[in-house]
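Colleague: Chain residues, written in single-letter form:
There are 2 protein chains.
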Amino acid sequence: MTDITAGEIPVFDSIAAFREWRKEMIRQNKTVGFVPTMGALHEGHLGLVQTAKQECDVVAVSIFVNPAQFAPHEDLDQYPRTFDTDYASLVASKACSAILLPKVSEMYPVGITLDRSQQRGTFVEVQGLSHQMEGIPRPHFFRGVATVVTKLFNIVQPDRAYFGQKDAQQCVVLRAMIRDLLLPIRMRSIPTRREADGLAMSSRNRYLTPEMRNVATLLYRAITAAKEAIIERGVSDREEILAPAYKIIDEVSQEVKAQGLPFDIRLDYLSLVDVETLSELTTLGKSQAAILSGAIYVGTTRLIDNVLINTNEL
Amino acid sequence: MTDITAGEIPVFDSIAAFREWRKEMIRQNKTVGFVPTMGALHEGHLGLVQTAKQECDVVAVSIFVNPAQFAPHEDLDQYPRTFDTDYASLVASKACSAILLPKVSEMYPVGITLDRSQQRGTFVEVQGLSHQMEGIPRPHFFRGVATVVTKLFNIVQPDRAYFGQKDAQQCVVLRAMIRDLLLPIRMRSIPTRREADGLAMSSRNRYLTPEMRNVATLLYRAITAAKEAIIERGVSDREEILAPAYKIIDEVSQEVKAQGLPFDIRLDYLSLVDVETLSELTTLGKSQAAILSGAIYVGTTRLIDNVLINTNEL
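So the protein sequences, as listed, match chains S and G. Sequence positions in the first sequence follow this note's numbering and run 3 to 316. Sequence positions in the second sequence follow this note's numbering and run 3 to 316.
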C-alpha cells in the first residue's frame, strides 16, 4: 500500500491494494465519498470532489476510461487521457484522499470487446430507463455505465457516490440501479458546472476548435429558451415548449453555414421527459418534475446538456 | 432488531433490520458465511450451512423464492413454502445465526412480472455461460439467479457464500459473476448430497409420488454410467461417453410404460461441457475438467443432476 504523504495522494492501480486502503478507512471509522470519473478532469469533476469532501470524511476518485460504454464507431481511442494534470488538480483540490486507477484487465477479467455481440462476462442493465434519450443513439451506453459503476462500487464500497447532473439520464439510471440492487450507497447528483457563457463543462469540450467553442453554447441557449416557455409563459404543450429551442438551433446552424465555417451544427435530439420514468411527455403536468435535454454535434464532437424542470434533484 | 435468544434464530423480514445485524457482526469482527436458499430445506441445504459454520464465525441463511428465475409456465406458485419446518431444521442444525426472509416488494422495488418483455428494473446477466444447458429450456433462469444473488450479496455482504454443486451451471455462472463484478466474496461450491440410492437431494423431490420416486434415480445412474465410460474405459468421444446414459434412460422409460405406471419419463437433455466455458465437448481431452449433466421429467416434475469429471470444484 502506498503511503499517504503530505500533499500527495496515493494512486492505486491494483484493486487489491485499494481494498487495503478501504479496510484502513473502516478501521479508522471514516465515511468514504466516491467520485467515479473517466479522467480529463475539469471544474465539474472537482466540484463533485469538493462536495464529497464536505459530506464525507475522505474522498476516493477513480479514473477509468470504460470501454464497455463506447460503441466501435465512438471515441474510445481518442478520449483524452491526461493523468498528470488530473493528478495535479486533485492534489490542488486538497479534497481527494485516494485515486483508483484500475487496469482494463482487472476491471474486465475475461476481456472486453466493443462488439456487443461478442461480449462475454457479467453485465448490468437497468431496463425501462436505458433505451430512450441517450440510449437511442447509444443503445450500449447505459449497460456499459451500469456495469462499470457496479464494479467500481464493489471495489470502493463508498458511503456516498457523486455524479454530475450534466449526465441527467445517467443519474436517473444509477439511482434506480442503487435502489434495485439494494446497494448500501447514498446517491448524490450535483448541479452542472458551466463556463461563464453557459456551456456545460465536459471533457469533450477540448475537442472543439475556438470557432466551434464560440457557437457551442447554442444547446444550452436552446433548452434554456424552452425552459423559459414553461416557467415564464406557463406553456405545457410539448411542441410549444420545444419550438423556441428548435428555432435557436436552426438559426445558429444557418449562421454557421452562412459564415462558411469549416464545420456543421447538427441536432441529434431534443427531449422532454418525466424525471422518474424518462418517458417523453406530450404535455407537461403542472409542477411535474421533468428533464429538458438534448444532444448536438458541433463538427464531429457530440455535446449533451439539460435543464431540470420543477426539481433540483436527479 | 430481533434479539438473539438461546436456541432461537433471529428472522429478519426487513432488509434494514438485517443490515443492523450485519453491522453488529462487523463490530464484533466476525466473518459471515452465507447460504442463499429458496426454502424447502433438505439435507443438501443443511450440509451447506454446516460447512459454512465450520469455515466462518457466523452463518446467515436467506429464504426467498425468487420470481425472476421462474418463467410464466413454471412452478413459482406451486414451489414448496415450508417456513416452519425450515426454521426448526435451522435451529436443530445449531449452525445458523440469522435468517433473512425478505419480501418480494423489497427485493424488487419496482415490482417483478414473470413476462420478461414487461420486466423493468435492474438485471444482471452473465453472458457466455447462461444460455446453454439449463439455459436452453430456461432462457430467463440464470439472469434471474444472477440478479437475485447480486441483491442478496449487497444485503448480506458475506465473506463466503455457499452453493450446492447439484446446480452445477449455477455455480459456474455465480463464480464468474463474483469475479467479473469484483465482489469481495469467496465462492464455495459443495458436493451434492444424495439419498442412499443416489438420488440428488432437491426441494422438488417432494413433488414425486412413491412410484415416481422409485425410478427417479435413473438420471444419476445414467450419468454415472457415462462417467464410468470415461474413468474406467478411457473413452473420450462424446457419443461413446453418453451412449450408456441414453441406454439406461431409454430402458427405464420403456419399463415405466410396460408396467402401465401413470406417468412418463422424458429426457430433456444430456450434456458434456468444459467446466470453464460450458461449451459442449465432442471430444473430452485427457484430464480435461468437465461437467456431465442432464435433466429429465418424471411425470411433470423436472429433475437435474450432474457428476464432475477430472475436478471436484465448481
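No lab work stands behind these hints: they were computed from the structure. All figures in this text were calculated on a predicted structure; none of them were measured in a lab. Think of the CB as a built atom: it goes at the ideal place given N, C-alpha and C, for glycine as much as any other residue. Be aware that a few hints might be false.
[As the list claims (entries may be wrong)] Lysine-lysine pairs mimicking BS3-like chemistry, simulated, CA-CA at most 30 Å apart:
no.	chain 1	residue 1	chain 2	residue 2
1	S	Lys25	G	Lys288
2	G	Lys32	G	Lys105
3	S	Lys55	G	Lys25
4	G	Lys259	S	Lys25
5	S	Lys32	G	Lys249
6	S	Lys288	S	Lys259
7	G	Lys105	G	Lys229
8	G	Lys32	S	Lys32
9	G	Lys259	G	Lys288
10	S	Lys288	S	Lys229
11	S	Lys105	S	Lys32
12	S	Lys25	G	Lys249
[As the list claims (entries may be wrong)] If you want the footprint, here are the derived chain G segments under chain S, 3+ residues with CB under 8 Å:
no.	stretch
13	144 to 155
14	219 to 232
Colleague: Does each hint hold? Answer for all of them.
Modeller: Right, here's what the structure says about each hint:
no., hint, result
1, Lys25(S) - Lys288(G), "44 Å, violated"
2, Lys32(G) - Lys105(G), "26 Å, holds"
3, Lys55(S) - Lys25(G), "24 Å, holds"
4, Lys259(G) - Lys25(S), "63 Å, violated"
5, Lys32(S) - Lys249(G), "64 Å, violated"
6, Lys288(S) - Lys259(S), "39 Å, violated"
7, Lys105(G) - Lys229(G), "42 Å, violated"
8, Lys32(G) - Lys32(S), "20 Å, holds"
9, Lys259(G) - Lys288(G), "39 Å, violated"
10, Lys288(S) - Lys229(S), "14 Å, holds"
11, Lys105(S) - Lys32(S), "26 Å, holds"
12, Lys25(S) - Lys249(G), "56 Å, violated"
13, 144 to 155, "holds (count 3)"
14, 219 to 232, "violated (count 0)"
When the structure is compared with the earlier hints, violations turn up for hints 1, 4, 5, 6, 7, 9, 12, 14 and for no others.
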